[in-house]
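So the chains spell out like this:
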Amino acid sequence: MARVKLATAWLGGCSGCHMSFLDLDEWLLQLAVLADIVYSPLIDAKEYPANVDVVLVEGAVANEEHLRMAHTIRQRTKFVVAFGDCAVTGNVTSLRNPLGGAEVVLLRSYVELTDCRPGIPTAAGLLPVLLDRVTPLHHVVPVDYYLPGCPPPAAHIRFLLEALAGGSEADLPAEMLRFG
Amino acid sequence: MSVKTLTIDGVLVSARADETVLQVGRHHGIDIPTLCQLDGVHSVGACRLCLVEVAGSAKLQAACISPVSEGMVIQTDTPRLREYRRTIVELLFSERNHICAVCVANRNCELQDLAVRFGMDHVRFDYLSPQVEVDASHERFGIDHNRCILCTRCVRVCDELEGVHTWDLSGRGVHVRVITDLNQPWGESETCTSCGKCFHACPTGAIFQQGSTIAEIDRDRSRLQFIVTAREKKQWLV
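Going down the list, the protein sequences come from chains A and B.
Heads up: the first sequence at position 146 corresponds to 146 in our numbering, and the numbers run straight through without jumps.
Heads up: the second sequence at position 216 corresponds to 1216 in our numbering, and the numbers run straight through without jumps.
Rather than coming from a laboratory, the hints here were simulated on the basis of the structure.
There's no promise every hint is true.
Counterexamples of contact, computed for chain A against chain B with all Cβ distances above 10 Å [stated by the list, open to error]:
#1 33
#2 90
#3 99
#4 116
Covered stretches of chain B, as calculated for chain A (at least 3 residues, CB under 8 Å) [stated by the list, open to error]:
#5 1009-1020
#6 1103-1113
Here are a few chain B residues that sit away from chain A, every Cβ distance over 12 Å (derived from the structure) [said to hold, decoys possible]:
#7 1003
#8 1030
#9 1040
#10 1080
#11 1119
#12 1168
#13 1169
#14 1223
Just so you know, even glycine gets a beta-carbon here, dropped at the ideal spot from N, CA and C.
The task is simple: from the sequences and hints, build the whole structure.
Put into structure tokens, the structure is as follows:
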């Protein structure tokens, strides 16, 4: 069987889901037999390649860079997995939504709660432009599988990857669908 | 007391005439999902999770407030009901700010458990993300409206078990809130006895103990059941 082209991506999240991925421990050696990791914050690849089979997308969509990346991922990937609560629900990243739009959030972070040199960074290209609302991944692109958890336990990641690498549908049992 | 016979999920059962469909189901091991229902206080049919199909009726009926009748034929677990129940839970998650990962009730929450039970892997609706308050003015407890699903268990235990009626509802539609006294800060309530029954009754992380943090909530619903058993059966079972 052909080796699976696997990618992982990191949008608006804390990287805890990627830490949980590393918690796969020795099974990572097995994964290296089943799959080529073609793009990930954990490897040195600058561009998201074409014809990816499976991608684990951590984090919510919080800024324009995330939005562009989400569309690129969708165009170039067969199975998109919303990886962890931020990608699935918005989770902690979306805690800012009740405050209002991007302007209010930037004021709160860079002016109201700052002890020294308050001011919103405005230089072009310095920071990705914040979206007014943080959204789950499936609000901006179609998602094939959802793997909730904050973070999803390594055993759940393994269950999903084993199924997808084996060419079968990843039908997660209900207990693996717990948020939080 | 007369006896009624009816059919639930293909099983012929008999019931006392004053029982509800939910009670009869439970006596026969049929687990109809509930959320607002709480043993010992009256049922209000607020959450709609216990909706069942009754043959001959186009309307779905809330099992917790539907009295049995002779010859009823009831289905409690059909594809239509499962879809509606999942949708209800999704709507509850989308209405306020239920962030399980940072909730005091994480892994000890009836709403979270129901999401698992109905296989809710994501919410199909837009989140409303309302800006709502946390009232931490009471010295022992707090109310986080971000997590409140308006089941009114707190209202009912306070009124019917404690006999105080500190809690009630105000507002309409999405603006409904549970309130203490005449919408005063909980800590300034003159009627609250600080008994904690609302805390033990709350199904989510809305009513919490001061000082508890993520996943630390420690409810004991048996303390409510003790009072109900003592009152109804005159048995003080410790």
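Status of each hint after checking the structure:
1. No beta-carbon of chain B comes within 10 Å of the beta-carbon of residue 33/A; the shortest separation is about 29 Å.
2. A cut-off of 10 Å between C-beta atoms contradicts the statement that residue 90/A is not in contact with chain B; the least separation is 6 Å.
3. Interface exclusion of residue 99/A from chain B breaks down, the closest Cβ pair being 7 Å apart, not more than 10 Å.
4. Remark: the non-interface label on residue 116/A is consistent with the geometry, its nearest Cβ contact in chain B lying 28 Å away (cut-off 10 Å).
5. Taking a C-beta to C-beta cut-off of 8 Å, the region 1009-1020 of chain B contributes 0 residues in contact with chain A, too few for the three needed, and the coverage statement is violated.
6. A stretch counts as covered by a chain when three or more of its residues have a beta carbon under 8 Å from one of that chain; for the region 1103-1113 of chain B and chain A the count is 4, and the coverage holds.
7. The beta carbon of residue 1003/B is kept farther than 12 Å from every beta carbon of chain A, the shortest such distance being approximately 37 Å.
8. No Cβ of chain A comes within 12 Å of the Cβ of residue 1030/B; the nearest lies about 19 Å off, and the non-interface call holds.
9. The Cβ of residue 1040/B lies farther than 12 Å from every Cβ of chain A, with a closest approach of about 28 Å, so its non-interface assignment holds.
10. Against chain A, the non-interface label of residue 1080/B holds: every CB pair exceeds 12 Å, the least being about 19 Å.
11. Not every CB of chain A is more than 12 Å from the CB of residue 1119/B (nearest about 5 Å), against its label as outside the interface.
12. With a least beta-carbon separation of about 25 Å from chain A, residue 1168/B lies farther than 12 Å from that chain, consistent with its non-interface assignment.
13. The claim that residue 1169/B is not at the interface with chain A holds, since no C-beta of that chain comes within 12 Å of its own (minimum 22 Å).
14. The beta carbon of residue 1223/B is kept farther than 12 Å from every beta carbon of chain A, the shortest such distance being approximately 25 Å.
The earlier numbered hints that this structure contradicts are 2, 3, 5, 11.
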